[in-house]
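A.B. asks: Chain by chain, the residues run as shown.
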Amino acid sequence: MQTHTAKRVEITIEKIMQSRLTDALVGAGVHGYTILPVFGGSGRSGEWSRSGQISRAEGMVQVICIVREERLDALLTAAFKVVEKHIGIVNITDCEVLRAERF
Amino acid sequence: MADILALAADNLISPIVLCFALGLFAALARSDLSIPEAVAKGLSIYLLFAIGFKGGVSVAAHGVDLTLGLSLIAGIILSALLPIVAFALLRSITQLDRLNAAAVAGHYGSISIVTFVAATSVLESSGIAAEGYMVAVAAAMEAPAILSALWLISRGESGRMDANLWREIMLNGSIVLLVGAFIIGGVTGEEGLKEISSFIVEPFKGVLCLFLLDMGLVAGRGLAKGGKLLGWSSIAFGVLMPPIGAAFGLAAALALGLSLGGTVLMMTLTASASYIAVPAAMRVALPEANPSIYLTLSLGVTFPFNLVLGIPLYLAVASAVSGG
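Going line by line, the protein sequences match chains A and B.
For the first sequence, counting from 1, position 11 maps to 11 in the working numbering; every step adds exactly one.
For the second sequence, counting from 1, position 104 maps to 104 in the working numbering; every step adds exactly one.
Honestly, the hints are just simulated from the structure, not real lab data.
There may be inaccurate statements among the hints.
Calculated cross-link-like contacts (lysine to any residue; reagent style SDA-like; alpha-carbon spacing at most 25 Å) [as the list claims (entries may be wrong)]: (1) LYS15(A) / LEU33(B); (2) LYS205(B) / PRO15(B); (3) LYS41(B) / GLN18(A); (4) LYS225(B) / ARG44(A); (5) LYS228(B) / GLU47(A); (6) LYS7(A) / LEU98(A); (7) LYS205(B) / SER34(B); (8) LYS15(A) / PRO15(B); (9) LYS15(A) / MET170(B); (10) LYS85(A) / ILE293(B).
On the chain A side, residues computed to face chain B include the following (Cβ under 10 Å) [as the list claims (entries may be wrong)]: (11) ILE16; (12) SER19; (13) TRP48; (14) LEU72.
Glycine included, every Cβ here is placed at the ideal spot set by N, Cα and C.
Let the sequences and hints guide you as you build the complete structure.
C.D. replies: Structure representation (structure tokens):
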């Protein structure tokens with residue numbers, strides 16, 4: 001089957017910043033994304049877990065976008081403005097999709 | 001003094017404090033006991049709805065008077081003022097830099113609704129009535145402290161606050177639910193309460209116990225990972241600031257002529273520190289500040305202090321001052 005190359009961007013970010021990030025993505029013309037809950041993890045800011053979570057300040061989500069390569073720079077510029085000072089990870093991988101016109 | 005110790009001893013063996021202690025022990029002992037996120041949210045929604053509704057019913061029964069408006073104004077002023085007091089204390093006794101001191105200070109002007117709920121539970125057990133509108137005062141005290149904290153760090157600089165953050169602070173789920181339930185309770189009154197009392201009155205303490213078990217787990221985990229970040233001076237602040245805040249609350253309550261129960265609740269509100277609304281706002285507006293410091297102080301030091309010693313202390317002082 002015919003496949004097409006694309007870029008998969010995974011942004012793991014504080015839950016409290018989720019709507020700001022997705023607003024920025026939409027503003028940059030990226031209307032397709034998927035949001036996943038993150039159960040827990042550990043990093044420079046220490047270990048954390050999703051259980052309990054009384055405070056709205058804690059908790060992370062992962063926002064996944066798949067875009068054509070030529071749209072990657074606009075996406076990263078918009079996302080960086082939001083995530084620059086915050087806890088999180090941005091990573092980009094190559095991927096293949098079946099329906100190129102959707103990205 | 002003997003009264004305070006007797007009250008503290010009674011409080012120590014109450015189910016809510018023991019449930020908190022169990023959670024704290026389980027977390028520090030690294031047990032795998034945990035309350036799922038959705039359950040914790042459900043418990044908190046229940047408690048906010050129940051306390052708001054009952055507050056509204058009480059206002060419906062006793063009517064609205066000038067003291068309600070004045071109490072709201074006093075709450076807003078205290079919420080804005082206390083971060084400045086806390087900031088001065090933090091800068092004088094701890095090594096925290098301006099940014100982290102301002103972030104911590106903001107938490108101590110805002111309120112902990114669970115501490116408030118625990119205080120109402122102690123008052124109910126002691127048969128002491130309080131003004132129902134103190135729930136509305138609690139809601140009004142959530143946000144002004146955030147503005148004070150941001151003012152302390154920016155001193156008029158713009159850019160820390162945006163329209164989204166304003167909306168999130170003023171319309172955060174806890175405030176909407178608390179105020180909404182308060183209005184529903186006020187509109188439906190005693191009749192409304194009768195219809196749902198089997199849901200919001202009888203199970204209340206049991207749900208509070210489970211929620212405090214979760215609070216103990218979260219506080220214990222916070223202490224285990226963030227405790228190393230806090231020096232003795234920061235821990236001293238977390239224990240000293242609540243009685244200082246309570247003294248401001250006591251002065252305001254006496255000036256307003258609140259009842260004994262209302263005075264204890266006002267003292268509890270001014271003594272408590274936020275761990276819901278303010279940390280979220282600080283993560284957005286002051287991302288450079290270390291959340292482990294302010295969350296550990298608020299949840300791991302001040303919350304247990306108020307729950308175990310603070311509430312009986314405020315009750316004893318308010319009783320002594322009011323001659324009750």
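A.B. asks: Given the proposed pairing of LYS205(B) with PRO15(B), does the C-alpha separation stay at or below 25 Å?
C.D. replies: holds, 9 Å
A.B. asks: Grab the minimum C-beta distance from LEU72(A) to chain B and call the hint holds if it beats 10 Å, violated otherwise.
C.D. replies: With a closest approach of 25 Å, the LEU72(A) hint is violated.
A.B. asks: If you draw a straight line from the CA of LYS7(A) to the CA of LEU98(A), is it 25 Å or shorter?
C.D. replies: holds, 13 Å
A.B. asks: Tell me if the straight-line CA distance from LYS225(B) to ARG44(A) falls inside 25 Å.
C.D. replies: With a Cα-Cα distance of about 13 Å, the restraint between LYS225(B) and ARG44(A) holds, given a limit of 25 Å.
A.B. asks: For LYS205(B) and SER34(B), compute the direct alpha-carbon distance and say whether it is at most 25 Å.
C.D. replies: holds, 20 Å
A.B. asks: Would the hint on ILE16(A) be counted as holding, given a Cβ-Cβ threshold of 10 Å to chain B?
C.D. replies: holds, 5 Å
A.B. asks: Hey, LYS15(A) versus LEU33(B), does the alpha-carbon distance stay inside 25 Å?
C.D. replies: With Cα atoms ~24 Å apart, LYS15(A) and LEU33(B) stay inside 25 Å; holds.
A.B. asks: Mind checking the alpha carbons of LYS85(A) and ILE293(B) for me, to see if they're no more than 25 Å apart?
C.D. replies: holds, 18 Å
A.B. asks: For LYS41(B) and GLN18(A), compute the direct alpha-carbon distance and say whether it is at most 25 Å.
C.D. replies: Judged against 25 Å, a Cα distance of about 19 Å means the pair holds.
A.B. asks: Assess, step by step, whether the Cα of LYS15(A) is no farther than 25 Å from the Cα of MET170(B), and give holds or violated.
C.D. replies: holds, 18 Å
A.B. asks: Can you confirm whether the C-alpha distance between LYS228(B) and GLU47(A) stays at or below 25 Å?
C.D. replies: Since the Cα atoms of LYS228(B) and GLU47(A) sit roughly 14 Å apart, the hinted pair holds (cutoff 25 Å).
A.B. asks: For LYS15(A) and PRO15(B), compute the direct alpha-carbon distance and say whether it is at most 25 Å.
C.D. replies: violated, 33 Å
Checked against the numbered hints given earlier, this structure breaks hints 8, 14; the rest are met.
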